[in-house]
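Colleague: Given chain A, work out where chain B should sit, using these hints.
Number of protein chains: 2
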Amino acid sequence: MASTKRAVVLLSGGLDSATALAICQEAGYEAYAISFRYGQRHAVELAAAAAIARARRVARHVVVDIDLRPFGGSALTADDIPVPKHGDVAEIGAGIPVTYVPARNTIFLSLALGWAETLDTGDLFVGVNAVDYSGYPDCRPEYIEAYQAMARLATRASVLGERPVTIHAPLIHFTKAEIIRRGVELGVDYSLTTSCYDPDADGRACGRCDSCLLRQRGFADAGVSDPTRYVVS
Amino acid sequence: MASTKRAVVLLSGGLDSATALAICQEAGYEAYAISFRYGQRHAVELAAAAAIARARRVARHVVVDIDLRPFGGSALTADDIPVPKHGDVAEIGAGIPVTYVPARNTIFLSLALGWAETLDTGDLFVGVNAVDYSGYPDCRPEYIEAYQAMARLATRASVLGERPVTIHAPLIHFTKAEIIRRGVELGVDYSLTTSCYDPDADGRACGRCDSCLLRQRGFADAGVSDPTRYVVS
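Protein chains in written order, with my numbering: chain A, 16 to 248; chain B, 16 to 248.
With the rest of the complex left out, here is chain A (with noise of 0.2 Å):
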């Protein structure tokens, strides 16, 4: 059979999910994107996640409705905790970030596994890393690991042998400097990519978020002028 291989791409709307598309396209598989609206404040990516979809000419893009904001817990979802804003990346605590929202990869892998069993496919891939985020405990290899170990248990093609769950997390060593060049090479238009964690209401970056700060250096370490229109510069 000569049938294309499909695969469910985690797509957020930032710059690693765009590229994680990108070489999950290049790896010759049909690209399934899913996004999330799960009450965040900066909504604004969906719409990136939208735009992406549509330059990279996805299978088909779905918009899954999940509201965690009852749990509470996240500054990227509680209205009462401010995103802490940094004048440098060295500021950066080591620790895991406030922004961080409780089982968030764990919540997305397990919907993106059941549309991908529906598509009949156990391909799934995601832009996670460990590199920039290692604070975040569901950014790391063992838990990508232990997450396929699971799946693998999880679903009737699992279990009646036809089709092992596999979870490609292509970026998951790479520095943000390192995604970008790959991105570049595969023709990402990152133009199209937020990272902001406050955007502001024209959906530009306010340039003092971590992941401001993060994308910034990362531009600046691949050596890639950077497309991103941020209020402050």
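A couple of the hints might just be wrong.
These stretches of chain A come out as covered by chain B in the derived footprint (C-beta under 8 Å, 3 or more residues) [said to hold, decoys possible]:
1. 123-129
2. 138-144
3. 157-165
4. 168-177
Chain B is nowhere near these chain A residues, computed Cβ spacing over 10 Å in every case [to be verified]:
5. A58
6. L61
7. R69
8. T133
9. D153
10. I187
11. S206
12. L207
13. G218
14. A235
Because the hints were derived from the structure by calculation, they are not lab data.
Every residue, glycine too, gets a C-beta built ideally from N, C-alpha and C.
Modeller: For chain B alone, coordinates are given in the frame of chain A:
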């Protein structure tokens, strides 16, 4: 510290999860119940979950909205696949039922894990059962163990060594009759629970789907009178 131990309990409105809730409370936990509105046809089970949560005086009951219908692929959520009906429990096939929802327990446990994290607990109770539902991959002991191993790497508290996640599946090796006997000992009011995959508008059970047949046999085997209201007797 004499503070109360908290636990998150997955509460579907069915017989099994109501019993798991009672076992959780018997073990001394303050129970936080979570239910899901996931596009299921049998939304009457959410009313049952609320009634059970009230009767058992849980600390809090949340209903999380997840719309899995865009994924398709299951009789419980897709409108165009009929629920299979049988005349007798012996007709139920040994394979994976058509009523299987892709990655359902993985999705539900993941949302419960997120809530547990914000509640500062690692204890989750789920009423999965490997005896009557052996066709469901995500009801098997090896799946639950793999989920727990993954979850212990997924959350902030587990990384910090504060609170390893424990997935309690107290019913996993029970027959339906054993579940009912244990629940009766603990004062579970099974008239509040619902099992039917295809209830009528008044919430009466069809008496013929796999779930009804297993429930009827369970009450008969337990020697307990079945409080269910059926359309057909």
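Colleague: None of the hints should be skipped; say for each whether it holds.
Modeller: Structure-based check of all given hints:
1. A count of 5 residues in the region 123-129 of chain A with a Cβ less than 8 Å from any Cβ of chain B is obtained; the coverage claim is therefore met, three being the minimum.
2. Coverage of a stretch by a chain is defined here by at least three residues with a beta carbon nearer than 8 Å to that chain's beta carbons; for the region 138-144 of chain A and chain B the count is 0, and the condition is violated.
3. With a cut-off of 8 Å between beta carbons, the region 157-165 of chain A has 6 residues touching chain B; three or more are needed, and the interface restraint holds.
4. Here's how the region 168-177 of chain A fares: 7 of its residues keep a CB closer than 8 Å to some CB of chain B, so the rule of at least three is met and the hint holds.
5. Separation of A/A58 from chain B is adequate, the least Cβ-Cβ distance of about 17 Å exceeding the 10 Å criterion.
6. Consistency note on A/L61: stated as away from chain B, and its beta-carbon is indeed over 10 Å from all of that chain's, at 15 Å minimum.
7. Consistency note on A/R69: stated as away from chain B, and its beta-carbon is indeed over 10 Å from all of that chain's, at 18 Å minimum.
8. Residue placement check: A/T133 does not keep its beta carbon more than 10 Å from all beta carbons of chain B (closest about 3 Å).
9. For A/D153, the shortest C-beta to C-beta distance to chain B comes to about 5 Å, within the 10 Å cut-off, and the non-interface label is violated.
10. A cut-off of 10 Å between C-beta atoms confirms that A/I187 is not in contact with chain B; the least separation is 14 Å.
11. Every beta carbon of chain B lies more than 10 Å from that of A/S206, the smallest distance being close to 29 Å; the non-interface claim holds.
12. At roughly 23 Å, the least C-beta separation between A/L207 and chain B is larger than 10 Å, which holds for a residue marked as non-interface.
13. In this structure A/G218 is separated from chain B by more than 10 Å, as the shortest Cβ-Cβ distance comes to about 26 Å.
14. Distance check on A/A235: its Cβ is at least 30 Å (rounded) from any Cβ of chain B, clearing the 10 Å threshold; non-interface status holds.
Consistency with the previously given hints fails for numbers 2, 8, 9, ordered from lowest to highest.
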